[in-house]
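Peer 1: These protein sequences, in sequence, are chains D and R.
When you read off a place in the first sequence, starting at 1, and then add 235, the result is the number in our numbering.
When you read off a place in the second sequence, starting at 1, and then add 991, the result is the number in our numbering.
I should point out that these hints are in silico values taken from the structure, not numbers from a laboratory.
Positions of the beta carbon are idealized from the N, C-alpha and C atoms, including for glycine.
Don't take each hint at face value.
As a list, the in silico DSBU-like pairs of lysine-lysine whose alpha-carbon atoms are at most 35 Å apart [as the list claims (entries may be wrong)]:
(1) R:K1092 x D:K290
(2) D:K289 x R:K1092
(3) D:K290 x R:K1000
(4) R:K1048 x D:K288
(5) R:K1048 x D:K290
(6) R:K1000 x R:K1048
(7) D:K289 x R:K1048
(8) D:K288 x R:K1092
(9) R:K1092 x D:K303
(10) R:K1048 x D:K303
To spell it out: a stretch of chain D is covered by chain R in this simulated footprint if at least three of its residues, at any positions, have a beta carbon under 8 Å from a beta carbon of chain R; those stretches are [unchecked claim]:
(11) 279-291
(12) 315-328
(13) 331-344
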Amino acid sequence: KNEVEQSPQNLTAQEGEFITINCSYSVGISALHWLQQHPGGGIVSLFMLSSGKKKHGRLIATINIQEKHSSLHITASHPRDSAVYICAVRGQGAQKLVFGQGTRLTINP
Amino acid sequence: DSGVTQTPKHLITATGQRVTLRCSPRSGDLSVYWYQQSLDQGLQFLIQYYNGEERAKGNILERFSAQQFPDLHSELNLSSLELGDSALYFCASSPGPDQGKLFFGSGTQLSVL
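Chain R extracted, bound-state conformation (with noise of 0.2 Å):
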């Protein structure tokens, strides 16, 4: 068990709604780190939080924003879906700013049908 939770572990949903991931970071773990894992383009970082703030932007879509609150917990929003965001998304966590070795959360695999 790596510490870090992520809920739903499933969802399935139609094109054109939206979404919301949660991960909750290992205890004392103050970066958040959200990933894309799709068949045909592997993983993908999406973007870091470290301690609320945004730290670094990968390949996120403008379709999808997140955020991270005071608890530290995160959620990932997805909106107009479309068939191709259907993937795993992952939620990894690292005690500091920098991307030093990352605790994985399980997986929300999304499904746009």
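Isolated chain D (complex conformation) (with noise of 0.2 Å):
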């Protein structure tokens, strides 16, 4: 079992449609990273969280640290929302990232 597990794997939607993005993760950790890559491959850091809920625009992100599980939302999405969305957590003392395999998300117009 990975560390960091992400789900779905693919998601397909109509645009104005709500997306979740789900991670669940098995260590203690310090923080939690979402990532977009654009189809050209460049990385993009969206959320870095501990504890909560951030918000960016129209992206939401929440964290659990008792489940060990983030949400990563996107509300009223959009054909450019289209992109992988990566998790990623610092495990606790650790230094280095650990990643999900990402989400292919496709908002079709």
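Relying on the hints, combine the two individually framed chains into one complex.
Peer 2: Spelled out as structure tokens, the structure:
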């Protein structure tokens, strides 16, 4: 079992739909990152969080430390949101990030 | 634009060869991280340098080495290349020694033929 599991692996939705991507991890962590990787390959850091909830525009990230679970929500989804979304965690006392396998999101117009 | 510059964007080479990937971090960032992304393994952390010193090591092969220079740019050296080394190699930077918000370069696509 991977330390970081994402679901679903693939998600296709219509423009305007509310999107949820889930990330579960098996170790105690000091931080969790959500990254976005566009088809061209570039990676952008969306959020870094260790508790609670963060919001940026139409994106919302939440984390439940007790349940070892985080979600990334996209409201009013748009075709430009089509990308691979990657969850990564930094274990307590660790320096390295461990990555999930990513969720491929496709938003159709 | 993240402010992190990676060169070259693409590299095609043969098995057994040696290549050097270069990364210039965002202005003011002291940490540089190297990651490998392959189709079967996903993203994996290789190594981190902070202000010229190695700070953390991940799944980096002995055939691979890295360094960070006084001007804070970093180089990742890959030697005795194998077909399985074909991957996208990313560099990222952050201001401090711990992995806060990361700023990624656009990556170097390495193809070993």
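Peer 1: Taking the hints in turn, state whether each one holds.
Peer 2: Hints, verified against the model:
1. R:K1092 x D:K290: Holds, at roughly 15 Å.
2. D:K289 x R:K1092: holds (14 Å)
3. D:K290 x R:K1000: It holds: about 33 Å lies between the C-alpha atoms, which stays within 35 Å.
4. R:K1048 x D:K288: holds (30 Å)
5. R:K1048 x D:K290: holds (32 Å)
6. R:K1000 x R:K1048: holds (24 Å)
7. D:K289 x R:K1048: holds (30 Å)
8. D:K288 x R:K1092: Distance ~16 Å between K288 (chain D) and K1092 (chain R) Cα, so the pair holds.
9. R:K1092 x D:K303: holds (20 Å)
10. R:K1048 x D:K303: holds (25 Å)
11. 279-291: Result for this restraint: holds, n = 3.
12. 315-328: holds (count 3)
13. 331-344: holds (count 7)
The structure shown violates none of the earlier numbered hints.
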